[in-house]
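K.L.:
The primary structure of each chain is shown beneath.
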Amino acid sequence: MGRFTYFAVLAFIFVGSAWLEIALRTRVFRRWKRLLLALAVPFMVFVAWDVWALATGHWSIDPERTVGLDLFGVIPIEEIVFFIVVPTASILSLEAVRSVRGWPLGDEEITP
Amino acid sequence: MTYTQLGFLMVVGAVLIDLLVLRTRLVTRKGFWVAYAIVLFFQLLTNGILTGIGAFRYADDAIVGQMPADGGPPPMFGEGRVVFQPFEDLMMGFSLCLLAMALWIFWGRRGVQRTPMAGPPIWRSGRWARTPAPGAASAEPRGAGDGDAST
Chain A
1 MGRFTYFAVL AFIFVGSAWL EIALRTRVFR RWKRLLLALA VPFMVFVAWD
51 VWALATGHWS IDPERTVGLD LFGVIPIEEI VFFIVVPTAS ILSLEAVRSV
101 RGWPLGDEEI TP
Chain B
1001 MTYTQLGFLM VVGAVLIDLL VLRTRLVTRK GFWVAYAIVL FFQLLTNGIL
1051 TGIGAFRYAD DAIVGQMPAD GGPPPMFGEG RVVFQPFEDL MMGFSLCLLA
1101 MALWIFWGRR GVQRTPMAGP PIWRSGRWAR TPAPGAASAE PRGAGDGDAS
1151 T
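Sequence order for the protein chains is A and B.
Residues 1 to 112 in the numbering used here are what the first sequence spells out, letter by letter.
Residues 1001 to 1151 in the numbering used here are what the second sequence spells out, letter by letter.
Looking at chain A on its own, in the form it has when it is part of the complex:
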């Protein structure tokens, strides 16, 4: 798959989790404002970490496995998408478990 390898894996993660919205009625995308609020802080923290780690050389990403769009000169566009798709998938999993089992998660009541 060459340069679309990383994007293909991201697409798998997205499709592999997004179907829960329909099949298990997770209602995560439907509550998109809450989703964006949940994603914002982790996104900024982990993208910053990633940019720093790539610049420092903690890890590197094979340019032959990415489409070649690098933001800030160091971070491939796939990494940006990763930090949106993966936390979203984790929230979909959480709501999927609630949909099937009904276990409480702490937001059953409003507590300001």
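The reader is advised that the hints may include incorrect statements.
What the hints assert, rightly or not - Chain A regions said to be covered by chain B (calculated; three or more residues, Cβ under 8 Å): (1) 8-15; (2) 41-49; (3) 60-73.
Claimed, not checked - The following label-pair restraints were derived from C-beta to C-beta distances: (4) B:ALA1037 - A:GLY73: 47 to 53 Å; (5) B:MET1076 - A:SER60: 45 to 51 Å; (6) B:GLY1054 - A:GLY73: 38 to 44 Å; (7) B:MET1001 - A:TRP103: 34 to 40 Å; (8) B:VAL1021 - A:GLY102: 26 to 32 Å.
No wet-lab data here; the hints were simulated from the structure.
Beta carbons: idealized from backbone N, C-alpha and C, even for Gly.
Let chain A serve as the given structure and place chain B on it in line with the hints.
P.N.:
Coordinates of chain B only, in the frame set by chain A:
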């Protein structure tokens, strides 16, 4: 600071934020750990593929494990690797997902789109339900609620 040290700090930080800052206490809930087990399975699979084919490479001085001296691919297990990926990646994945899930619960609890709640699965109510009327009736209270309380 190495990836190992940062990963450890992020796990501790995420747990402390969940317990003390947001007070969502997700790490004390069964639902979180089942969801994390699902996430972990797919991380091992997808990140295992990408690290196994060498799409991601890690500096020897950043992680616990060392790459083979012959420049070959990383081992599947051993040298700090779990399905090809350094265990440090598992710490990053855990902290990323715990933080996102805790914030999701935090904002819901504050009344931002707390409802409609998740569920029931389509096979328990609606078109695919085997027992339409009782299933739909018992599931309804969770779906209904205080409406869209978002600001």
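K.L.:
Hints first: check each against the structure and report whether it holds.
P.N.:
Results of checking the hints against the structure:
Check on the segment 8-15 of chain A: 3 of its residues sit with their Cβ under 8 Å from a Cβ of chain B, so the three-residue criterion for coverage holds. Proximity of the segment 41-49 of chain A to chain B, defined as three or more residues with a beta carbon under 8 Å from a beta carbon of that chain, is established by the 5 residues found. Note: the segment 60-73 of chain A has 4 residues with beta-carbon separation from chain B under 8 Å; the three-residue rule is met and the coverage holds. A C-beta distance of roughly 38 Å is found between B:ALA1037 and A:GLY73, which places it outside the suggested range of 47 to 53 Å.
Restraint check, B:MET1076 to A:SER60: a C-beta distance of roughly 21 Å breaks the suggested window 45 to 51 Å. Checked against the given bound of 38 to 44 Å, the beta carbons of B:GLY1054 and A:GLY73, roughly 22 Å apart, lie outside it. The given range of 34 to 40 Å is respected by B:MET1001 and A:TRP103, whose C-beta atoms sit roughly 37 Å from each other. As the Cβ distance of B:VAL1021 to A:GLY102 is approximately 27 Å, the hint placing it in 26 to 32 Å holds.
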